[in-house]
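S.K.: Take a look at the letters that make up each chain.
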Amino acid sequence: MVSIKIRGLVKRFGSVVALNQLDIDIGSGELFFLLGPSGCGKTTLLRSIAGFHLPEEGKILFDGDDVSQVPPHKRETAMMFQSYALWPHLNVFKNVAFGLEERRVKKPEIKDRVEKALAMVKMNGLGNRKINQLSGGQQQRVALARALVVRPRCLMLDEPLSNLDAKLRIEMRTEIRRICKEFGLTAIYVTHDQKEALSIADRLAVLDGGNIAQVGTPEEVYRKPRTALVAGFIGETNLVDGQVAFQSGDQIYVKTAIGELVGRPSNPDWKPQPDERVTISVRPECLSIDVSPPAQNAIAGKLTESTYLGEVAHYSLSVDGREDPIHLSELNPRRVIRDTGETLYATAKSEDIVLLPPR
Amino acid sequence: MHKGLATTIYGFTIVFFALFFVYPIWHTVKEAFVTPEDTFTLVYIAEIFKNPIYVEGLINSFYMGLFTTLLSLLIALPLALMANHWDFRGKEILNSLILVPLILPPFVGALGIRQILGQAGVLNAFLIDLGLMDANAPHDWLGEGQLLGVVLMNALHLYPIAYLNISAALANVDPAMEEAAENLGCHGIRRLSRITLPMIMPGVFAGATIIFIWSFTELGVPLIFDFGRVTSVQIFHGIKDLSGNPFPYALVVLMLVATVFFYLIGKWLFGRDIGASSGRAATGRVLKPASPMANLLCIGSFVFVTGLAILPHIGVTLLSLSEQWYGSILPRHWTNQHYLDALGHPLTLNSIGNSLKYASLATVMNVILGTAIAYVVVRTKLPGRQFLDATAMLPLAVPGLVLAFGYLAMTREGQRFDFLVLGENPIIILIIAYAVRRLPYVVRSAAAGFQQTSVTLEEAAQNLGCPPLKALTKVTLPLIAANLIAGGLLAFSFAMLEVSDSLILAEQQQYFPITKAIYALVTSLGNGPHLASALGVWAMAFLAITIVGAGVILGKKLGALFRV
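Residue numbers (numbering that gives the first Met the number 0), protein chains in the order written: chain A, 0 to 358; chain B, 0 to 563.
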């Protein structure tokens, strides 16, 4: 399978810069996710790799060969479209066989490979169905089979699950990963659903306004976000602005409007100096709740809202010196605090408090 | 809407169609199978097939329909593909101009084609001037059968219907469908033939069907070309000795059967429902900016086709201004005498007045009935409303000639509906005939308006204390006024140009509409053709104004009017 290198890629639409000097490396056989808020350029990047957009500057290399100016029908990628783009005038078999026919594969082999591809997505025996006789989930499987059957150098998935219901979505995402790994496919997957990315990606890139905000494994990006945007986009978080007070060992003490917090920068190369402005990210599940003040990292506030969801309880605290409430969640709650107005203390371990560049 | 009112509209429409659509067709069919002694017979039909002249007429009619349809598609498809692919300079204007020929009367244009392609016509004069042709042996382009001229004129008139249908179909193709093919290695012409064309085939077929039915039974153009060996013209001449002659009826029946037969074959071959496209389009179609070469190609093609299509009408205009025009590229002597003569001629002013009267009354009827039907279909839950919708579309599928003949038969003296012809005045039956034929356009147009205007706007008015009917007139009707006006204008201009009903139903000179007056002038001696062309130019100027108005008001939605 192909490895993909992107160097200095620029794509403009009129005066809008959709991709701004991007560099990305995707390894052979990797399941790589592109993530970001709408309009961040993730679909543009995918379509550029597939050849539907020609970049203004920069290079796209497949195994070291520059394919930037190669037209889409010669790139040997296979895309699964958000709308599936199954052709209604062809039946299931013909849809899947299409790419093989274009590659001049012999008839008996086509039949064999199409049947195998349909079996792989659990659609065997449905080759004669018309597209409009299929459910959304079945259409999605056919679209996947159509892309896989040609043994593409790279599989591209453009929000493939966005038209499915929640349960099917979870089932299919595991299925997609299984197939990708079984065939050692290089795959690029665009989504705005962070759960999808965290659950099956090898690595993921978060895009922001045509720039790469961060690339890393799901754990890295979740636990050590490099910017406030990444921290807020991947998972829930509380962001608190502050100023560095002093450093002790690898711990940094930060003065904030809601009290002193002790944490560590997500980027080990970054050594914030005293008086430097920083933003702190602390995830709701890292905070625990107490009725008496803890020794360190104490955030005192009045309970404004509590929501019980069974496996987890969510609380909102209104804290002096801050407009937004602080959110925290307690896993396996034994007792739910419902007295709004009550003063509570939230606290987190220093290793869960992440220092970021100021937002 | 009040359920009682909706039911009343429904009932009225069904009765109206029973009386003025089903009954005339039934009447014609019956006459073809019943002897004077009231017994069933197949003799008349059999006689037709024994008569080589009738058989030749049917074959020629088929060719006329087939070649017109193919030529129209050949003209329209590349243009539609270009417009769907590139963003070229002046596209908005060229896109509207390309539709203009649809409302230029082909019947009048035929006079121009005769002038251009005739033996002493413009093309030959041009070739002789260039020394490419022997002046003593000019070529006869229109050939002996003159089918070429008829097909050319029909296609240059009807290709906009194909263009509108194909454009609408292309606009509905999810661009991802084409990208998916590209992505799997299918490119260019192959992609066009494997993906794009099959996906737009229902749209192509819808356009082709209307063009085929229209041209298969076209009466005006072959009449002007004096091409008597097609069924439509044979039927027209047959009615002169109507009483007792069953053959025109039998021919009409054969024509109707053939229309249905060809429609079904076409539907089976090309029109199969491929199913609605799945999912929603994720990306809008982004048109490519045209390169200089593409710009040249697109603009050149659009200008060429539009120019070619209005050439006959330019010919007519020149003819109307010429004193004499024979064997030269341009007329040698100019005059405005024909226009003055035309205005002084009793036939012309009278016929313009008649046409205006018939067409505007028919349009009023169309707009009222069409709006009511559209409302019931779109806004009520009345059971069987789809049937009502389908019924209102039926006139598109039945040749005008067949209906005209039916009206003639049912209003003959002694028939049950002879009171519709007041003395000799055909005004009532002509208005009804015009209205029935053009109703589909108004219904489609109004229905589009109702679909685009949210029902909640009306509900909000009712919620604030406005009674339902008043809410309709105060809120919704003003919002869809553009659709109604556009549909009405189209109905009006087609009524002004109507040939079959006009030629067959208006028998006395004082009641002639424009088309019949033109026909009478063309066939008269002396300066008749010049007068006819002058009258034709008046009519065209008139129509140009109405259709430009419709185009401006309705914009791109004009295409929706021509879908079956």
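Derived by calculation from the structure, the hints in this document are not laboratory data. This one's a predicted model, so the numbers in the text were calculated from it and none came from an experiment. A virtual CB, placed ideally from N, CA and C, is assigned to each residue, including glycine. Fair warning: there could be bad hints in the mix.
Pair by pair, the computed Cβ-Cβ distance ranges are [what the hints assert, rightly or not]: (1) Asp323(A) to Gly464(B): 28 to 36 Å; (2) Leu196(B) to Ala165(A): 53 to 61 Å; (3) Leu167(A) to Leu196(B): 49 to 57 Å; (4) Pro466(B) to Phe12(A): 27 to 35 Å; (5) Arg189(B) to Glu235(A): 48 to 56 Å; (6) Asn127(A) to Leu196(B): 40 to 48 Å; (7) Asn127(A) to Arg189(B): 55 to 63 Å.
Derived pair list, reagent style BS3-like, types lysine-lysine, alpha-carbon separation capped at 30 Å [claimed, not checked]: (8) Lys93(A) to Lys121(A); (9) Lys129(A) to Lys266(B); (10) Lys254(A) to Lys105(A); (11) Lys4(A) to Lys469(B); (12) Lys287(B) to Lys73(A); (13) Lys266(B) to Lys58(A); (14) Lys115(A) to Lys105(A); (15) Lys223(A) to Lys105(A); (16) Lys180(A) to Lys58(A); (17) Lys93(A) to Lys266(B); (18) Lys194(A) to Lys254(A); (19) Lys194(A) to Lys166(A).
S.K.: Against this structure, judge whether each hint is valid.
M.R.: Verification of the supplied hints:
Taking 28 to 36 Å as the suggested C-beta distance range, the pair Asp323(A) and Gly464(B) does not conform, at roughly 45 Å. Between Leu196(B) and Ala165(A) the Cβ separation comes to about 39 Å, which falls outside the hinted range of 53 to 61 Å. With their beta carbons about 34 Å apart, Leu167(A) and Leu196(B) fall outside the hinted range of 49 to 57 Å. Hint check: Pro466(B) to Phe12(A), Cβ distance near 51 Å, so the stated range 27 to 35 Å is violated.
Separated by about 50 Å at the C-beta atoms, Arg189(B) and Glu235(A) satisfy the suggested range of 48 to 56 Å. At about 23 Å, the CB distance of Asn127(A) to Leu196(B) disagrees with the hint of 40 to 48 Å. The hinted window of 55 to 63 Å between Asn127(A) and Arg189(B) is violated, with their beta carbons roughly 24 Å apart. Pair hint Lys93(A) plus Lys121(A) holds up; C-alpha atoms about 17 Å apart against a cutoff of 30 Å.
For the suggested pair Lys129(A) and Lys266(B), the alpha carbons sit about 19 Å apart, so the restraint of at most 30 Å is met. The hinted pair formed by Lys254(A) and Lys105(A) fails the criterion: a straight-line CA distance of about 71 Å is larger than 30 Å. Restraint check for Lys4(A) and Lys469(B): the C-alpha separation of about 66 Å exceeds 30 Å, so the hint is violated. For a cut-off of 30 Å, the pair hint linking Lys287(B) to Lys73(A) stands: about 20 Å separates their Cα positions.
Between Lys266(B) and Lys58(A), the direct Cα distance comes to roughly 50 Å. Violation of the 30 Å bound is thereby established for this hinted pair. In summary, the hint linking Lys115(A) to Lys105(A) is supported, as the alpha carbons are separated by about 15 Å, within the 30 Å threshold. A distance of roughly 51 Å separates the Cα atoms of Lys223(A) and Lys105(A); the hinted pair therefore is violated under the 30 Å criterion. Between Lys180(A) and Lys58(A) the alpha-carbon distance is near 27 Å, which keeps this suggested pair within the 30 Å criterion.
Proposed proximity of Lys93(A) and Lys266(B) is supported: the alpha carbons are some 22 Å apart, at most 30 Å. Of the pairs offered as hints, the one joining Lys194(A) and Lys254(A) is violated, with about 33 Å between alpha carbons and a cut-off of 30 Å exceeded. A C-alpha spacing of about 13 Å is found between Lys194(A) and Lys166(A), which places the hinted pair at or below 30 Å, so the restraint holds.
Checked against the numbered hints given earlier, the structure breaks hints 1, 2, 3, 4, 6, 7, 10, 11, 13, 15 and 18 and satisfies all the rest.
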